[in-house]
Amino acid sequence: MITPRPMGRIAAALAAVLLAIVIPAVPAAAAADEYVLYYTVTASYQGQPENLGGVASRFLGDAGRATEIFNLNTGRQQPDGGALSDPNKLTTGWYLVLPWDAVGPGVQYGVLPTTAPAPGGTAPAPSGTGAPANPANPANPANPANPPSSPGGAGPSGAPASPQPKPPGGTPESGKCVAATAASSPSNWAMTRVAADLAWPYTRGNGIAVAVIDSGVDAQATQLLGRVQPGVNVVTGENIGNVDCLGTGTAMAGLIAAQPAEKDPFTGVAPDSIVLPIRVVTDNATADPAAQAAAIDVALQLQPSVLALGSYVDITADPVVRSVQKALDLGIPVVAAAPTTSGGVTPPEDVILVGGVGVDGKLAEEYAAETVEVVAPGVNVSSLGINGTTFVGSGTQYAVAMTAGTVALIRGYNSNLNPKQVAHRLSATAAQMGDGKPDPRYGHGMINPEAAVTRELPEEATLVSADNRDSTPISGSEEIRIAFLLTVLAGLVLSALLVLRFRRTMRAAATEDDLDDDWPAGDPPKDEAKPTEPSSAGSH
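According to mature numbering (1 follows the signal peptide of the UniProt record, and there is no 0), the sequence shown holds residues -31 to -1, 1 to 509 in order.
For the record, the hints were derived by calculation from the structure and aren't laboratory data.
Treat the hints with care, since some could be wrong.
To be verified - Calculated cross-link-like contacts (lysine to aspartate or glutamate; reagent style EDC-like; alpha-carbon spacing at most 16 Å):
1) Lys295 with Asp319
2) Lys389 with Asp329
3) Lys331 with Asp31
4) Lys331 with Asp404
5) Lys295 with Glu339
6) Lys295 with Glu318
7) Lys389 with Asp298
8) Lys406 with Glu339
9) Lys389 with Glu428
10) Lys389 with Asp319
11) Lys389 with Glu318
12) Lys331 with Asp408
Using the sequences and the hints given, assemble the complete structure.
What follows is the structure, encoded as structure tokens:
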């Protein structure tokens, strides 16, 4: 098993950072270059005033998802100067940012307008699209029923979870970034749900290196300063992976290792961990299986403690499976998105396959049956964006990041666990979702960082092997009990030896007495019966 390189000096420099519990972030205005799905509020719908429940029912198929729309829009200033504060009160002409899977007549995709709609409630044509979303138009980028495909898939059927803007003037040159994509309004439900801060008194993932194979990481992000290594860009072969064009890798890194800032308390699951960015895509959001496998092989050379595979890595591709098996053989836990299809090669047994869920418990994607091991937040997840922006996005890669952060906490508390044992800890301590454990859709349930770190599992002390590959290290309390038992056992053995020696001594003494009693009367003892040599005087 490869031992992670020491990161002591970096961890020590950041050890004084104040512990902060994630609280709701202040909603930010949409950036000028932001591409989102949105809806323009009309005066009424079917004769009734508009409300979030009705909007959610029409475009998301569930009135209960009004909470998601509220979280995406609350506090953001509308063109008339107002802001959403009451889910039952909407003003004609307001623009509502919608979740990634919204669909239906009236849903538009593009830069959020900043001016009031024309009379009659018609919104200005969104920049860059020129047309509203139309489920009947398969070429429309806002149509979730016909998304573009990408390996590993972040959205339904492999579509990127957060629509990316088209660069002006066509496709950019390779290696150059398109405009940054900012989020509309963050919600901290994901971090609140997993409550990773409850595990921080025991471990914050100090020095644990997490390799993130995705679009790179913006190392200049304030809350990642000092937490990101240079990494590698496998697209160009450069030893620089700490830049990001697409934003997904930076968002993953933020969910893993972000530090709280003065104006933003957002904190990653394992805030004292280190991110090793492996850039498998630049401005083009696709990578062939050979490049994906090469990215994993390069990551292994950096000796990480955890491997997190982003949305551009297909865990069912044959070259990827072989490289992942190398990582597992080296004792490195691998976290990846559960496959969305049943085709391809079966992932190695000990890979941690993760599904994403929303605040309402709905899955982020249609995963292949019985492939999900655990789930984590993956819909409307807030994190760090590139170029100083705030990111809100949806996709399984964000659930992968939060799970990888939990694995970093586990390894920070007990670095001797092998991949099989880490996977078992996550599954055994997960909070049940669905009808069983495991459930065909949710697997063993929602990750629970505190329980995964602290809970005692009796089965972990049952096996001990020379190479620790099939056994689990014993917890602290188990060590105390076993030490006590060994002490008692040693005392019993010592007592038995003393009794045995005493009995032998007594038996030897009894034998000698018996010999003395049997000696003929008048005869000298055996050692005195030897003939006496004549003296020299007697010879004369």
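Now for the hints, and whether the structure bears them out:
1. Lys295 with Asp319: holds (12 Å)
2. Lys389 with Asp329: violated (30 Å)
3. Lys331 with Asp31: holds (11 Å)
4. Lys331 with Asp404: Given pair Lys331, Asp404 holds - Cα atoms ~14 Å apart, limit 16 Å.
5. Lys295 with Glu339: Since the Cα atoms of Lys295 and Glu339 sit roughly 24 Å apart, the hinted pair is violated (cutoff 16 Å).
6. Lys295 with Glu318: Since the Cα atoms of Lys295 and Glu318 sit roughly 13 Å apart, the hinted pair holds (cutoff 16 Å).
7. Lys389 with Asp298: holds (11 Å)
8. Lys406 with Glu339: This hinted pair holds, its Cα atoms lying about 11 Å apart.
9. Lys389 with Glu428: Between Lys389 and Glu428 the Cα gap is close to 13 Å, so the pair holds against 16 Å.
10. Lys389 with Asp319: holds (5 Å)
11. Lys389 with Glu318: holds (9 Å)
12. Lys331 with Asp408: holds (14 Å)
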